[in-house]
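Each chain, letter by letter, is given below.
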Amino acid sequence: MAYIAAAEILSGSACSRSLDFLGQTHVLPYFNAFTQPMLSLSELQEILIAQIERTLQQAGWQRHECSHIPLFIGSTAYSESDQEMCYLQHQAGNHRVMLLDSVSQKIQEHFNFKAIFSFATSCTSSAQAIIYAVRSLMQNNCDKALVLGFEAFNRLTFEHFYAMQLLAESFATAPFTGNGMVLGEGSACLALQNQKPQNQAAYVRMLAPANLSDNHSLTANHAVAIRHLFDKALHNAGCLPTDIDAVKLHAVGGIGDHAEAELLREMFSDAYLFAPKNAIGHTLGASGALETAWLMQQLHSRTMNMAADISNNYKILNYFLGFGGSLCAWVTEYGCNE
Amino acid sequence: MNNPSYPFHVRAQSGFHLSLEPDFPDKEVNLTVILKQHHIDARRLSKFSKLVMWSALPLSRIVQNDCAIYLAAPFSSPSHYLKIFQKLLSSNLPSPLDFMANLHNAAVFHTAQMLGCSGATVFTASNGADFSQILQLAALDFNMGLKQALVGWACEQPENEGCVWWLLEAGNCDQIPMILPETGTFSEKLARLAQNRDVWAPPVS
Numbered sequence: 003m004a005y006i007a008a009a010e011i012l013s014g015s016a017c018s019r020s021l022d023f024l025g026q027t028h029v030l031p032y033f034n035a036f037t038q039p040m041l042s043l044s045e046l047q048e049i050l051i052a053q054i055e056r057t058l059q060q061a062g063w064q065r066h067e068c069s070h071i072p073l074f075i076g077s078t079a080y081s082e083s084d085q086e087m088c089y090l091q092h093q094a095g096n097h098r099v100m101l102l103d104s105v106s107q108k109i110q111e112h113f114n115f116k117a118i119f120s121f122a123t124s125c126t127s128s129a130q131a132i133i134y135a136v137r138s139l140m141q142n143n144c145d146k147a148l149v150l151g152f153e154a155f156n157r158l159t160f161e162h163f164y165a166m167q168l169l170a171e172s173f174a175t176a177p178f179t180g181n182g183m184v185l186g187e188g189s190a191c192l193a194l195q196n197q198k199p200q201n202q203a204a205y206v207r208m209l210a211p212a213n214l215s216d217n218h219s220l221t222a223n224h225a226v227a228i229r230h231l232f233d234k235a236l237h238n239a240g241c242l243p244t245d246i247d248a249v250k251l252h253a254v255g256g257i258g259d260h261a262e263a264e265l266l267r268e269m270f271s272d273a274y275l276f277a278p279k280n281a282i283g284h285t286l287g288a289s290g291a292l293e294t295a296w297l298m299q300q301l302h303s304r305t306m307n308m309a310a311d312i313s314n315n316y317k318i319l320n321y322f323l324g325f326g327g328s329l330c331a332w333v334t335e336y337g338c339n340e
Numbered sequence: 597m598n599n600p601s602y603p604f605h606v607r608a609q610s611g612f613h614l615s616l617e618p619d620f621p622d623k624e625v626n627l628t629v630i631l632k633q634h635h636i637d638a639r640r641l642s643k644f645s646k647l648v649m650w651s652a653l654p655l656s657r658i659v660q661n662d663c664a665i666y667l668a669a670p671f672s673s674p675s676h677y678l679k680i681f682q683k684l685l686s687s688n689l690p691s692p693l694d695f696m697a698n699l700h701n702a703a704v705f706h707t708a709q710m711l712g713c714s715g716a717t718v719f720t721a722s723n724g725a726d727f728s729q730i731l732q733l734a735a736l737d738f739n740m741g742l743k744q745a746l747v748g749w750a751c752e753q754p755e756n757e758g759c760v761w762w763l764l765e766a767g768n769c770d771q772i773p774m775i776l777p778e779t780g781t782f783s784e785k786l787a788r789l790a791q792n793r794d795v796w797a798p799p800v801s
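So the protein sequences, as listed, match chains A and B.
Every number in this note's numbering is 2 more than the matching position in the first sequence, counting from 1.
Every number in this note's numbering is 596 more than the matching position in the second sequence, counting from 1.
Wrong hints could be hidden among the right ones.
[Said to hold, decoys possible] What the simulated footprint calls covered on chain A by chain B, stretch by stretch (three residues with Cβ under 8 Å from a Cβ of chain B suffice, anywhere in the stretch; the number is not a length):
| # | stretch |
| --- | --- |
| 1 | 83-90 |
| 2 | 111-121 |
| 3 | 132-143 |
| 4 | 157-167 |
[Claimed, not checked] Derived DSSO-like pairs (lysine-lysine); straight-line CA-CA distance at most 30 Å:
| # | chain 1 | residue 1 | chain 2 | residue 2 |
| --- | --- | --- | --- | --- |
| 5 | B | K743 | B | K785 |
| 6 | B | K785 | A | K108 |
| 7 | B | K743 | A | K116 |
| 8 | A | K234 | A | K198 |
| 9 | A | K234 | A | K108 |
| 10 | A | K234 | B | K743 |
| 11 | B | K683 | B | K643 |
| 12 | A | K108 | B | K632 |
| 13 | B | K679 | A | K116 |
| 14 | B | K632 | B | K683 |
These are calculated hints, taken from the structure and not from any lab test.
For glycine and all other residues, C-beta sits at the position ideal for the given N, C-alpha and C.
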């Protein structure tokens with residue numbers, strides 16, 4: 003069993019970012035989360051350390067327990083913003099040695115985790131981190147686990163996505179409008195444990211997750227692979243499509259939206275649809291953690307304009323798709339403690 | 597490997613390391629040519645992806661289509677990354693195809709495509725602290741019913757290039773003794789791992 007004991011989120015608000023492309027300046031919608039326009043490595047590490055501290059506090063865990071707790075990290079860009087800042091400050095060259103786990107080094111010094119696993123599977127990075135944290139808990143490799151997802155603005159991603167014509171010119175008001183992606187930055191930390199939290203009015207249980215790869219295309223997910231993913235997630239969770247009350251969408255606003263929407267209509271026609279990217283943007287490798295934390299907020303506050311009231315054992319299918327053919331899904335169950 | 601707590605055994609190992617291949621000049625060009633001979637168009641791929649694919653190729657005949665792939669490296673392709681990074685920051689010139697080739701998980705995607713695998717693909721960052729981490733992730737999946745996995749360690753740094761793959765299969769550890777190096781940098785450990793030539797898979801014909 004795996005339950006979410008706490009979820010801390012630092013998500014963006016609707017703003018804009020500009021870029022120069024072929025001599026012209028373009029202003030595009032973007033969700034800014036951090037005070038600084040670009041984060042240095044030490045600024046990023048400080049933000050993440052503070053977020054982990056808040057998560058531990060919210061979950062009622064003690065810092066000294068970290069030596070028994072594994073941390074699962076997911077990000078696309080890791081410290082790319084720092085690389086770009088160093089380059090600009092030193093003008094060509096002199097930037098730091100490229101190590102993806104440089105972000106985690108200071109975190110490890112601060113908390114002394116049992117182990118740190120750093121995933122880099124494009125947009126599913128922190129979704130994969132959640133999957134392996136849940137599997138570790140379900141197999142009793144640990145009693146508690148932390149998942150951290152983060153993404154900070156960087157030119158390399160933003161300007162290449164623009165050059166590939168993937169970005170939207172305006173904010174979307176509904177999912178599957180298909181006019182492009184709106185990117186965002188942010189971070190989220192989830193505390194997972196194998197005991198049901200007793201100090202909360204409600205709980206979220208993570209059922210056995212599913213991950214697979216789609217080797218059809220590096221950048222586009224094939225409908226057959228997405229269907230296979232849904233089937234596998236339902237099978238692992240012991241659910242039928244009719245058991246699903248709601249779906250947490252991927253829905254980036256790209257060319258894959260159409261196939262996704264068709265499949266959802268076919269398999270989950272009565273389910274309520276959650277579209278976090280309309281609220282916080284597409285946070286790439288951080289989206290697994292950020293969108294799960296965002297969903298927790300929605301469930302707990304019950305402020306969503308739901309098609310039906312959230313009842314006990316309310317089941318939500320969550321799925322995440324990424325470049326490199328990386329696909330992840332799981333079912334979460336929301337319930338009330340008696 | 598000799599750790600009986602793992603729910604798998606090592607069926608085969610395959611790999612490439614610069615220190616073991618003194619007669620392999622201009623690796624990037626040669627790898628493209630060699631892969632082309634196996635009907636793989638690698639012209640747009642990063643050096644890292646080519647290295648990883650070339651190292652996995654000898655195992656292609658025994659890899660099953662539900663095989664999962666796990667790869668650990670300190671970074672993906674520093675040379676490819678620097679190329680697009682400098683083009684963008686110094687000349688404001690994005691290069692989309694190079695950007696796609698630079699995805700950290702591009703190498704596992706291309707390897708899965710080359711081998712026809714649809715199991716999970718995972719890329720993790722590792723600076724050498726613990727070579728067994730990636731095996732721990734695979735073990736979690738073997739405990740969930742996974743039958744076969746490719747687990748690899750790779751590095752693309754000047755004078756320290758290499759990739760080693762282990763083909764793991766469900767079941768208890770068997771006779772093939774495989775020892776993970778415990779000390780040294782990532783590339784030093786990788787070089788030591790690559791020296792187990794006696795258990796390498798047969799060369800690609």
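These are the hints, each one checked on the structure:
A stretch counts as covered by a chain when three or more of its residues have a beta carbon under 8 Å from one of that chain; for the stretch 83-90 of chain A and chain B the count is 4, and the coverage holds. For a cut-off of 8 Å, the count of residues in the stretch 111-121 of chain A with a CB near a CB of chain B stands at 4, and the three-residue condition holds. Taking a C-beta to C-beta cut-off of 8 Å, the stretch 132-143 of chain A contributes 5 residues in contact with chain B, enough for the three needed, and the coverage statement holds. Chain B is given as covering the stretch 157-167 of chain A, and this holds because 7 residues of the stretch bring a CB closer than 8 Å to a CB of that chain, at least three being needed.
For the suggested pair K743/B and K785/B, the alpha carbons sit about 27 Å apart, so the restraint of at most 30 Å is met. The hinted pair formed by K785/B and K108/A meets the criterion: a straight-line CA distance of about 23 Å does not exceed 30 Å. Of the pairs offered as hints, the one joining K743/B and K116/A holds, with about 28 Å between alpha carbons and a cut-off of 30 Å not exceeded. This hinted pair checks out: K234/A and K198/A have alpha carbons roughly 25 Å apart, not beyond 30 Å.
Simply put, K234/A and K108/A have alpha-carbon atoms about 37 Å apart, too far for the 30 Å limit, and the pair is violated. Distance restraint check for K234/A and K743/B: the Cα-Cα separation of roughly 16 Å lies within the 30 Å cut-off, and the hinted pair is therefore satisfied. In summary, the hint linking K683/B to K643/B is supported, as the alpha carbons are separated by about 18 Å, within the 30 Å threshold. Our distance criterion of 30 Å between C-alpha atoms is broken by K108/A and K632/B, whose separation comes to about 43 Å.
Distance check on the hinted pair: K679/B and K116/A sit about 36 Å apart at the alpha-carbon level, beyond 30 Å; violated. Taking the CA atoms of K632/B and K683/B, the gap is about 28 Å. The hint holds against a cut of 30 Å.
Hints 9, 12 and 13, counting from the list given before, are not met by this structure.
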